[in-house]
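Listed in order, the protein sequences are those of chains V and H. Quick note on our numbering: the first sequence kicks off at 5 and runs consecutively. Quick note on our numbering: the second sequence kicks off at 5 and runs consecutively.
Errors might be hidden in some of the hints.
[What the hints assert, rightly or not] Quick list of in silico lysine-lysine cross-link-like pairs, DSSO-like style, CA-CA up to 30 angstroms:
(1) 170/H x 39/V
(2) 144/V x 170/H
(3) 39/V x 39/H
(4) 170/H x 170/V
(5) 170/H x 144/H
(6) 170/V x 144/H
[To be verified] Some chain H residues close to chain V (C-beta under 10 angstroms, calculated; not the full set):
(7) 101
(8) 138
(9) 149
(10) 174
Hint data in this document are derived by calculation from the structure and do not stem from the laboratory. Yeah, the Cβ is synthetic: ideal placement off N, Cα and C, and Gly gets one too.
Number of protein chains: 2
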Amino acid sequence: MELYAERGFDSTSVAEIAERAGLTERTFFRHFADKREVLFHGSAPLQELLVREVDQAPDSLPPLEAIVSALGDAATAMFEPRRDFARRRQAIIAASAELRERELIKLATLASALAGALRRRGVTDPAASLAAEAGISLFKIAFERWVDDGQQSLAQIIQQSLDELKAVTAGR
Amino acid sequence: MELYAERGFDSTSVAEIAERAGLTERTFFRHFADKREVLFHGSAPLQELLVREVDQAPDSLPPLEAIVSALGDAATAMFEPRRDFARRRQAIIAASAELRERELIKLATLASALAGALRRRGVTDPAASLAAEAGISLFKIAFERWVDDGQQSLAQIIQQSLDELKAVTAGR
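With these hints in hand, go ahead and build the complete structure from the sequences.
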């Protein structure tokens, strides 16, 4: 990631990344499908954590609340301790259309996995998909506010965004 | 699009598309940035229509309702008369990761434009972004249901999805 920050994503080659990391190109490609993936190796552990939390949420928790609660816990465990890293990473992604596309597909994959977890809780479609997509959109917007914000925690911003989303869908 | 349906997106070259359309490759690239764009030339007129509708919506209409009303009108004007086309196009996109990425970035661009239209109506952030993203997620889910559904109109499915989203965010 340092190289992307120094030179820009487009001008950094896999050879340079591998060299900086002390790997051969071949080893690099054993770990990453392409150079975009370097910035997204956190998405599999994030997905596992969120799905596990939704699977284990109390039965009484409504679908969107189960997702937002999982997002809040992931925020505290995985993102809050690394806000500077998150900010630098987000700036690199924002500067490249290719990386923005990859980020969107990771978020869509996350939404599908969460919709699956909701279906296992007995939530039917389209409610499962709507709740999962709403949760992920909310997370994306909260995340962007958090990297720009020096004050509040990501978990707080997620909770506020949920309240705002409730107001918006209630027609206020 | 016929060629993509016959051979698959990956196995179709720009030279073949240009030949089928009676164009030179050079003319093709004057119209489309790459071969993915062929399937998305409808996104600019869709965005113009949606933004115009939101700009012209009555002041009394709450933000999400303004977006959903615009989506319903676009559904009737642009999608309903071409359900077969939409179904074939969707099958091609679903079969290619590259095309799914491009579709997601088009939807994200649409959401940004709609958030901008809401801000012009005096809606503040994050409500503007949340309403725009919620509207676009809802549209995506409704669209997928519509191409699989032989009965209801897209506008009806959009309206039902809004009711379901309201129930989901209200915690039911």
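Now for the hints, and whether the structure bears them out:
1. Between residue 170/H and residue 39/V the CA atoms are separated by roughly 40 angstroms; this puts the pair beyond 30 angstroms, and the hint is violated.
2. Between the alpha carbons of residue 144/V and residue 170/H the distance comes to roughly 20 angstroms, so the proposed pair stays at or under 30 angstroms and holds.
3. Taking the CA atoms of residue 39/V and residue 39/H, the gap is near 22 angstroms; set against the 30 angstroms cutoff, the hint holds.
4. For the hint pairing residue 170/H with residue 170/V, the CA-to-CA distance comes to about 8 angstroms; that is within 30 angstroms, so the pair holds.
5. A distance of roughly 16 angstroms separates the Cα atoms of residue 170/H and residue 144/H; the hinted pair therefore holds under the 30 angstroms criterion.
6. Simply put, residue 170/V and residue 144/H have alpha-carbon atoms about 20 angstroms apart, close enough for the 30 angstroms limit, and the pair holds.
7. Taking 10 angstroms as the C-beta contact cut-off toward chain V, the hint placing residue 101/H at the interface holds, the least distance being around 7 angstroms.
8. Using the Cβ-Cβ criterion of 10 angstroms, the hint placing residue 138/H at the interface with chain V is satisfied: the shortest such distance is roughly 6 angstroms.
9. Of the supplied interface hints, the one on residue 149/H holds, with its beta-carbon coming within about 7 angstroms of a beta-carbon of chain V, less than 10 angstroms.
10. For residue 174/H, the interface hint holds, the least distance from its beta-carbon to any beta-carbon of chain V being 7 angstroms, beneath 10 angstroms.
Checked against the numbered hints given earlier, this structure breaks only hint 1.
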